[in-house]
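There are 2 protein chains.
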Amino acid sequence: MASTAKAAVDAVQDGVKKLGLKEGTESKKKDAKAPPSAKELFRAAMTNVLERRLFFIPSFKIYGSVAGFYDFGPPGCAIKQNVTQLWRQHFILQESMLEVECPAVTPEAVLKASGHVDRFTDFMVTDVKTGDCHRADHLLKAALEALLEDPKAALTPEKKREAEDVLARLDELDGAGLGAALTQYGVKAPETKNDISAPFPFNLMFRTSIGPKGDLTGYLRPETAQGIFVNFKDLLYYNGGKLPFAAAQIGQSYRNEISPRAGLLRVREFTQAEIEHFVNPDDKDHPKFESVERLAPLLFSRVLQTNEAKQPEAMSLGDAVSKKIIANQTLAYFIGRTYLFLVGIGIAPERLRFRQHLPNEMAHYAEDCWDAEVECSYGWVECVGLADRSAYDLRAHSAASKQPLEAYEKFAEPRFEKVLVAKPNKAAIGKAFKKEGKPLQEALDALTQEDAACIKKSFDEGKASTVSAGGRDFEVTPELLDIKLEEQKLSGRKFTPSVIEPSFGIGRIIYCMFEHAYYTRESSEDKTVFRFKPAVAPLKAAVFPLVQQPELNSHARAISTALTRAGLANTVDTTGTTIGKRYARTDELGVPYDITVDRATIDGDGSVTLRERDTTSQVRIHEEKVAGVVQQLVSGELSWQQVLDTYPAQQAAAEDDS
Amino acid sequence: MASTAKAAVDAVQDGVKKLGLKEGTESKKKDAKAPPSAKELFRAAMTNVLERRLFFIPSFKIYGSVAGFYDFGPPGCAIKQNVTQLWRQHFILQESMLEVECPAVTPEAVLKASGHVDRFTDFMVTDVKTGDCHRADHLLKAALEALLEDPKAALTPEKKREAEDVLARLDELDGAGLGAALTQYGVKAPETKNDISAPFPFNLMFRTSIGPKGDLTGYLRPETAQGIFVNFKDLLYYNGGKLPFAAAQIGQSYRNEISPRAGLLRVREFTQAEIEHFVNPDDKDHPKFESVERLAPLLFSRVLQTNEAKQPEAMSLGDAVSKKIIANQTLAYFIGRTYLFLVGIGIAPERLRFRQHLPNEMAHYAEDCWDAEVECSYGWVECVGLADRSAYDLRAHSAASKQPLEAYEKFAEPRFEKVLVAKPNKAAIGKAFKKEGKPLQEALDALTQEDAACIKKSFDEGKASTVSAGGRDFEVTPELLDIKLEEQKLSGRKFTPSVIEPSFGIGRIIYCMFEHAYYTRESSEDKTVFRFKPAVAPLKAAVFPLVQQPELNSHARAISTALTRAGLANTVDTTGTTIGKRYARTDELGVPYDITVDRATIDGDGSVTLRERDTTSQVRIHEEKVAGVVQQLVSGELSWQQVLDTYPAQQAAAEDDS
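From first to last, the protein sequence lines stand for chains A and B.
With this note's numbering applied, the first sequence covers 1 to 658.
With this note's numbering applied, the second sequence covers 1 to 658.
Hints in this document: simulated from the structure, not taken from any laboratory.
Don't take each hint at face value.
Note: identical chains are not told apart, hence a pair may lie in one copy or across any two.
Said to hold, decoys possible - Straight-line C-alpha distance at most 25 Å; calculated SDA-like pairs for lysine to any residue: (1) Lys242 x Val572; (2) Lys489 x Leu340; (3) Lys213 x Val117; (4) Lys438 x Tyr519; (5) Lys213 x Thr130; (6) Lys242 x Val547; (7) Lys61 x Ser253; (8) Lys112 x Gly214; (9) Lys426 x Glu486; (10) Lys61 x Lys112; (11) Lys581 x Thr528; (12) Lys402 x Arg620; (13) Lys242 x Arg395; (14) Lys533 x Ile506; (15) Lys484 x Leu155.
Keep in mind the model is a prediction, meaning the values are calculated, not measured.
Just chain A, with the same shape it has in the complex (with noise of 0.2 Å):
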């Protein structure tokens, strides 16, 4: 077994161990008796590389780690610094977004209104005997894929579809539905094999309490968005009270796993980035649509999911917006630009696709939904929404502050339209209600024009019709309110804009990059490579003296800082190690190039050796010029080509020396 493959098995049996942690975590008994997979055995590798170099971590490691947390570090912060200053000048600098931060504790009655309260749960089953905390559906999935992989079980084909049919349910049932199948397939406590609860909705958000009464409860945030609803009022008149617009944070969210897994995929603290493009909901053409419409990604339509071959097809966005495959321009634009983010950032397009949400998937509101899937050696990764969620969120918003959220269209021309005037009869409810009356005569002030439809609807067909105020109900006829149908001049309307949210999981993001960029170079295993795009890459160049001469070292320093005056993160190695070594050790981090000092530098020419990190190919550039060259290659002015064809190229005799 190669050094790199023992390396990895044993990784993997370090994470066990690692993972034995405070809190109930799941069984990894069967991960650690079966041979690992060959994508396990890539993973571990992999992983074991970016844990010691440092480009992420557990957290707390030297008090035991905690599950759901990790760290980046050096090269992993310059990363994804890199990541969101490439998201910022892509998506909010380019679009004109306007760029929000909100704080991540978040008063109770902003998660109460948009929902998280009551339903950001999942069904989480408790061993009996231990008190053990388990996700229902992760029991479920485990046991229904044990038993459909046992020889022993001998399942008749009826059996067999039965359990087919409820994995592939999984995600669509609910509290009852989950336990009526653990219970139907007799799951138990992993490893204790004690009996499990029924399961229960464990809500996900990490709970805390603001100010010193301990009166106001307040929630870590578990997504950015609901900072740029609730203040979508300043922002629209921000924007000169013009839609569409589009407003985007970038910051932490927070997710209270049950029991987190799936190292960076599935943590309790990541960032997000997100944006809501506030649309009139009557059109949702984009001006900029031109510019993506030729792309054709891979898209994985409903159609395509529900067909024989379930395979994902390239089209292209114009035509799956003319062919209503996506629901409008606006969605298929956003489905462009993501598109086209994450190919720059070194995603491989081919395994990227966008899945569109199956109907069940959606929420009730939903006009349109299709994730930026990513493959990688857990399968197909989310790590972009994007979603047409209607206006559901600002009117959550709107009736719970009780603020107006909406946005005023002035037509083009004054239209003449028949609107229900609603005229509520003030004295006759004085006489029915006396004082209570108050907040129906409010009520009734403001009604809509939906609920006045819906009252004269009652009226028509000659029932009283019932309105909740001041928490009561009232009964209203038409001797309290007179509904009439009346044509007016209208030379604009209010309403509540749409709004398409592309979501963006960074970690995600990041992590998927990790694989795609990683390999292993074909003269040996051991010399591990990550292909990062240079404006991708921790540091862009690194700078070596060939041999430990103070005269070398004072070059090598003299183009490090030119690199760093021109914005270029680089380091100097003067260890003397032998050159090839030095550059398998950049190669590990993902710098892009090398530079090396040597006594020509000073004797001769004055030029240095610059190699570029996945040919390894060399030329010879004047010491004075390389740091300009490494920054026309990072921002992408010159290609690699460009530059063999325009330096003499240097013979790469000391690169196998390790």
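Keeping the supplied structure of chain A fixed, place chain B upon it in accordance with the hints.
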């Protein structure tokens, strides 16, 4: 009263209303009654602009806000981004620091070790009838100030001196001292005038629970520093085992303040940028000290604070170190770098001082501490703390986690030193304690030099020594432990590094920068301007078509695209309002350059107008050149004077037509 001042007073009163929040906040009665001071008027006028233009706004406004939480709106967010990116460039990139990013949610063990669980408290009193909470020191301060200002109090000189003395020593008072003073001065709850409870400590950390079982307590970190300390071992390894090195973290920290006030200066969630520079305690010189030694910031040393004049003095950092006013070069180096950073982003150097902590302000382990204080309408505000914390933090985490957090120093020449060699007598221990002797054996094997010296002292005095191990005390005699002083050849030594910690409060720095940048034009008090440095400004340029014509708009958009391509945030204003109004709008946002496209651009020589914000002077530059010139102005390659010298002037006719 001019309209700005009127708006200011309205804003003050508005603020009072707005702060009527759900949890106990302190009385604003005094403020509301007394006429606002010039400083308060200035602050209110500026805050009015900042909130109106969405630099920052109280969070969750539509739900009534919660004290101590603010959102950054689009221009504030852009400024914060620019400031943190400049910080990253100035510190992390230029000093090759190791950046890390750790979660805000932190398990109790970490913050227990750091001392925050036990000691991160403020003293609180409650209103005995309403239960409302108040900070004890705030109430006492307000009461003493009112007493000293009240002519009716008719204090004797002695009583006056006594009250002044308590006021001066406020920060030193513990719970008992605060309680005694509150009783002595008969302090009641503000507004209700009810009795108050005795002061008790309130922990300022937000508490939460990690995982579904609820048995793992977590807190939101009160500072980012601990994430660096717990990673020290890995970071040292990453740095090749070499000292000194610095690690840095930018991120959110949380303090559940009892009664937040003073706007952005005292909030419950804020951004910190912290550096931990690890250094050999025997060598705190800094290799780059020379680059800052001639800088002469205002230093407010202990001596200057206690002498008659109580005024800081400008002094070169070189002198301050050689006169031992600043403890060492490394601390002085960071004072110099901090000075350059703050002045670089727009803090007025004459309103910036470095104040040394008095001995009673410093923790017992600290070697020396200096705060960068900035003068603003609230007085002198601590924006950066610079502390030589010795080895305290690493020792605390090493003790709690039982992980050695040490560095190794290889001596240039081997040294012969007398060391205590302690040899436990295994047989005798076994005989004396049987199986229970095992933990004692382990403890004796791991004795430090300090512990061994202590035990030897007892032995030399003819006494046994007590050693705690495995939860019990053992009596140790020379029969059980042989301790001798022996000369050993040492090739190096292990030691716990000292840490020098510069800690930046980003929100406070930005707030002070706002105050230093804000002014009104001499021509009109209504014309407000922020003189942001171009690198800090939220937008670098605004582009105006002089009048509403499609042709002008398209040229304006082309210029905007060129600016965006150069990475310069910009906006196009096609409203066609008077050019003076559009200038005023961008001045209020602190946009340094305005570009106006007019008929001459199209029909004439292709030139546009470029106007500088503070001088309001204008030149004409060709439309294809203007983005490049703005880029050079923003990067500092070009000064505005050079632009004036190079390009033909444009008469500023339209400036005052608002």
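TODO: Return the numbers of the hints above that this structure violates; sort them in rising order.
DONE: 2, 4, 12, 15
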